[in-house]
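S.K.: Here are the chains, one letter per residue:
Number of protein chains: 2
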Amino acid sequence: MAKLKNDRLIRALLRQPVDKTPIWIMRQAGRYLPEYREVRAQAGDFMTLCSTPELACEVTLQPLRRFDLDAAILFSDILTIPDAMGLGLYFVEGEGPKFREVISNRRDVTKIGVPDPEQDLGYVMDAVRLIRAELDDKVPLIGFCGSPWTLATYMVEGGSSRDFYKIKSMLFADGDSAHQLLTKLTESVTAYLNAQIEAGAQAVMVFDSWGGALTTRHYREFSLAYMQQIVDQLIREKHGRKIPVILFTKGGGLWLPEMAASGCDAVGLDWSVNLAQAKAQIGDKVALQGNMDPAVMATTPQAIQQEAENVLADFGNGSGHVFNLGHGITPNIDPDNVAALVDAVHERSVQYHQ
Amino acid sequence: MAKLKNDRLIRALLRQPVDKTPIWIMRQAGRYLPEYREVRAQAGDFMTLCSTPELACEVTLQPLRRFDLDAAILFSDILTIPDAMGLGLYFVEGEGPKFREVISNRRDVTKIGVPDPEQDLGYVMDAVRLIRAELDDKVPLIGFCGSPWTLATYMVEGGSSRDFYKIKSMLFADGDSAHQLLTKLTESVTAYLNAQIEAGAQAVMVFDSWGGALTTRHYREFSLAYMQQIVDQLIREKHGRKIPVILFTKGGGLWLPEMAASGCDAVGLDWSVNLAQAKAQIGDKVALQGNMDPAVMATTPQAIQQEAENVLADFGNGSGHVFNLGHGITPNIDPDNVAALVDAVHERSVQYHQ
Chain D
0 MAKLKNDRLI
10 RALLRQPVDK
20 TPIWIMRQAG
30 RYLPEYREVR
40 AQAGDFMTLC
50 STPELACEVT
60 LQPLRRFDLD
70 AAILFSDILT
80 IPDAMGLGLY
90 FVEGEGPKFR
100 EVISNRRDVT
110 KIGVPDPEQD
120 LGYVMDAVRL
130 IRAELDDKVP
140 LIGFCGSPWT
150 LATYMVEGGS
160 SRDFYKIKSM
170 LFADGDSAHQ
180 LLTKLTESVT
190 AYLNAQIEAG
200 AQAVMVFDSW
210 GGALTTRHYR
220 EFSLAYMQQI
230 VDQLIREKHG
240 RKIPVILFTK
250 GGGLWLPEMA
260 ASGCDAVGLD
270 WSVNLAQAKA
280 QIGDKVALQG
290 NMDPAVMATT
300 PQAIQQEAEN
310 VLADFGNGSG
320 HVFNLGHGIT
330 PNIDPDNVAA
340 LVDAVHERSV
350 QYHQ
Chain R
0 MAKLKNDRLI
10 RALLRQPVDK
20 TPIWIMRQAG
30 RYLPEYREVR
40 AQAGDFMTLC
50 STPELACEVT
60 LQPLRRFDLD
70 AAILFSDILT
80 IPDAMGLGLY
90 FVEGEGPKFR
100 EVISNRRDVT
110 KIGVPDPEQD
120 LGYVMDAVRL
130 IRAELDDKVP
140 LIGFCGSPWT
150 LATYMVEGGS
160 SRDFYKIKSM
170 LFADGDSAHQ
180 LLTKLTESVT
190 AYLNAQIEAG
200 AQAVMVFDSW
210 GGALTTRHYR
220 EFSLAYMQQI
230 VDQLIREKHG
240 RKIPVILFTK
250 GGGLWLPEMA
260 ASGCDAVGLD
270 WSVNLAQAKA
280 QIGDKVALQG
290 NMDPAVMATT
300 PQAIQQEAEN
310 VLADFGNGSG
320 HVFNLGHGIT
330 PNIDPDNVAA
340 LVDAVHERSV
350 QYHQ
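Protein chains in written order, with numbering that gives the first Met the number 0: chain D, 0 to 353; chain R, 0 to 353.
Isolated chain D (complex conformation) (with noise of 0.2 angstroms):
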């Protein structure tokens, strides 16, 4: 195995020594990109995207040709799996994912399987590893998953939902047919990561966009336990190298210390969340990723500049921290934007190095 040649990423989350704050971004693949949209034109529809390898590969490494970004993350869903499972995934223009079948009780628990990541979701593995060869260790590439709870919201609401009332239900009247929901997501998301891991992903995040949509009582008992039991089951080091495990519940803010003690190596953090705070109550535990506000992306090059530094500013000195926004970056942001950040964030981030 050769060397990586950026390794920030990598040792920030390992709360190791870097020279300047690592930077990536959600969705850095992404519509904001023309070159994206010419890629997704090409493949017809957004499912056909995700799994052609080859187009997979190249809009993952689309953002690194304009920024100097420090990491590459794969091209995929979150909902691969709930497809593989026989849901039927597929995407309306302007209403985002739906499922042709929905899970509404415990039959249709039941009925469901354990998707084989390199069998049902080859196509993932196969575009880990083309992405792999092509970034020549340039820098790391990060795998990733939806939580089981976020998962299950799609495939019981069949799409996405404001108000979560059909799996709520399921939580405050059949709780155990969301735990059995629940435990097989939870094998199946930690077997499709261990998979990525095995065919090249050097650090993975688990995204649970919507645990912040439950009282604490059921984010612990839902979310949290299945995450726990997904970080306690992952291939955590591989040839002598580290693999470290990002968890990312947005809305999360009042749970950080629990998401601390889950034994991940870093906790993303939305933009609510200060990050001068988040890091005396967690920070000598986990690395912290994130979290400006998506919305200065929509400004300009000088506010962007003053937010990037209020955020290195609020993380201070020291290692364990890699910079992201708090969310998404949208499709409505000018990539001479992101450019300004990512120039912004290696330039001021390096007097908190020294």
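The hints are simulated quantities; they were obtained by calculation from the structure and are not laboratory data. A quick note: this is a predicted structure, and the numbers were derived from the prediction, not measured. Any given hint could be a false lead.
All copies of an identical chain are treated as equivalent in the list; a pair is satisfied when it fits inside any one copy or across any two copies.
Said to hold, decoys possible - Derived DSSO-like pairs: lysine-lysine, alpha-carbon spacing no greater than 30 angstroms straight-line:
{"#": "1", "residue 1": "K19", "residue 2": "K278"}
{"#": "2", "residue 1": "K97", "residue 2": "K249"}
{"#": "3", "residue 1": "K284", "residue 2": "K2"}
{"#": "4", "residue 1": "K2", "residue 2": "K110"}
With chain D fixed as given, assemble chain R onto it according to the hints.
M.R.: Relative to the frame of chain D, chain R by itself:
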């Protein structure tokens, strides 16, 4: 002034002893009630319903005829203020509120004035007076308004928003204009709430529906600082009786100590916050209002009773808790489930007040 026949709400907000935990429900006058839908249909459109004191009074009182609630809340909309500023509020079925005029820059901000409550929003004050007369001191009447920040989001975005990119651009790149807008809104809201109090409101609540969309720094600067000004300028006592003020920031669980330090009497909590933790944090300074997950209302009376017990047990012994949902009740709820909740809270809270 006659004495309130049921003063549980006021006593709990002031952390004085009560026999059982009072309960009211955000949006208790609303579309889940068939009798509301009838009046709403009769009114034709939503703004006619809000601006006709007899109709607003009628729907305010409807839930009290069905349920043993401990408070009435004025039926109105938080956007009456920007409407009175001349922005032209209208409602599109299924899309929420919209404005004909939008605030985009400093010049737009300069043009708007501060409405005179009795002149420009007399229909609200008339409704308050009418409701008080009809209530005959059975339970207290809660007045309310939107927070300056929350009103500003609608005025700048032109309606509801998911990402708040327009107004956040103002915060990041033209903070002075944002402050000027928020200053005018604060003056307007303060006069409006004080007029409601003069007209007969016996407690008031500030709804900061969108404060949770902000960074901690922006929340302090652009939302809480203005709510603080309102709290400082409200009429807090009338005819020898305290007028309690409740602050509610949806998604504000990270900022409870700062909210409690504003001088308000009570803090409203959404369901993500654990009530026991909130009580430990700020229960010695303020009363707490909330915070059952509204989703449980779509299940069964048994599940509702169980969750009500969980919430009551989280607060535990003593006064200082006003039971409510963590957000408004939704149109899909069976009124029988509301009856089950109200009765469960009254019956099962007695043990905590002995």
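S.K.: Work down the list of hints and note, for each, if the structure agrees.
M.R.: Structure-based check of all given hints:
In the homo-oligomer, the alpha carbons of K19 and K278 lie at most 30 angstroms apart inside one protomer (18 angstroms), although the nearest pairing across protomers, at 41 angstroms, exceeds that limit. Proximity of K97 and K249 under a CA criterion of 30 angstroms is satisfied in both settings, with 21 angstroms inside one chain copy and 28 angstroms between copies. When the C-alpha separation of K284 and K2 is checked against a cutoff of 30 angstroms, the pair qualifies only within one copy, where the shortest distance is 27 angstroms, while the shortest distance between copies is 56 angstroms. Proximity of K2 to K110 under the C-alpha cut-off of 30 angstroms is found in neither arrangement, the shortest distances being 45 angstroms within a copy and 62 angstroms between copies.
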